[in-house]
Amino acid sequence: MITEKLQKAINDQITAELWSSNLYLQMSYFLEKEGWDGFAHWMMKQSEEEKDHANELAHYLIKRGGEAKVDKVDVVPSGWGSVLEVFEHVYKHECYVSELIDSLVDVAASEKDKASQDFLWGFVREQVEEEATAAGIVEKLKKAGDNGLLFLDGQLAQR
Numbered sequence: 001m002i003t004e005k006l007q008k009a010i011n012d013q014i015t016a017e018l019w020s021s022n023l024y025l026q027m028s029y030f031l032e033k034e035g036w037d038g039f040a041h042w043m044m045k046q047s048e049e050e051k052d053h054a055n056e057l058a059h060y061l062i063k064r065g066g067e068a069k070v071d072k073v074d075v076v077p078s079g080w081g082s083v084l085e086v087f088e089h090v091y092k093h094e095c096y097v098s099e100l101i102d103s104l105v106d107v108a109a110s111e112k113d114k115a116s117q118d119f120l121w122g123f124v125r126e127q128v129e130e131e132a133t134a135a136g137i138v139e140k141l142k143k144a145g146d147n148g149l150l151f152l153d154g155q156l157a158q159r
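Residue numbers (the numbering used here): 1 to 159.
Hints in this document: simulated from the structure, not taken from any laboratory. Everything numeric in this text was worked out from a predicted model, so none of it was measured. Even for Gly, the Cβ is constructed at its ideal location relative to N, Cα and C. Mixed in with the good hints, there may be bad ones.
As the list claims (entries may be wrong) - With a cut-off of at most 30 Å between alpha-carbon atoms, the simulated DSS-like pairs for lysine-lysine come out as follows:
id, residue 1, residue 2
1, K8, K140
2, K45, K142
3, K143, K45
4, K142, K8
5, K114, K140
6, K69, K51
7, K63, K112
8, K140, K63
9, K63, K114
10, K33, K143
11, K51, K33
12, K72, K33
13, K33, K45
14, K45, K8
15, K143, K112
16, K51, K114
17, K69, K33
18, K5, K92
19, K143, K5
20, K69, K5
21, K45, K140
22, K63, K8
23, K33, K114
24, K112, K5
25, K112, K8
26, K51, K72
Stated by the list, open to error - Here are the computed distance ranges between Cβ atoms for each label pair:
id, residue 1, residue 2, range
27, F151, K112, 34 to 40 Å
28, K69, G145, 43 to 49 Å
29, E99, D52, 16 to 22 Å
30, A144, K114, 41 to 47 Å
31, V76, S103, 18 to 24 Å
32, H59, V128, 18 to 24 Å
33, G79, D102, 27 to 33 Å
With these hints in hand, go ahead and build the complete structure from the sequences.
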């Protein structure tokens, strides 16, 4: 059985993952409107992945005898200046999500819930990858400049 404190923390993370999903969905719409179909496709996939994370957390809670709850998901930003600015925002957001996941692992540790710690370490490892991917895209965008945007748009369309 999962403790109330850990259940609340995981439910808070479910809401955070859904907010992230909405953020990336909005970014996808923004990029598509700007004519960047490849970047928009990549962001749509990212949105789906965040929703999957929320579901994974919810299923875990239920499996452990807890109750998964979706709280109010706040409004997300809706406009950015450039493709680079979008991906810089993605990188900063992924760093923030890493902090949230780290705090969640700390709650599981304080509750002496080893099963939850083990489960959550998968998210810790995933965040390392998410940060590296976002940072890599930011660096490529900086190196490519405006002349390389079409090439990178085509590359990210392949995700």
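Looking at the structure, which of the earlier hints fail to hold? 1, 4, 5, 8, 15, 17, 19, 23 and 27
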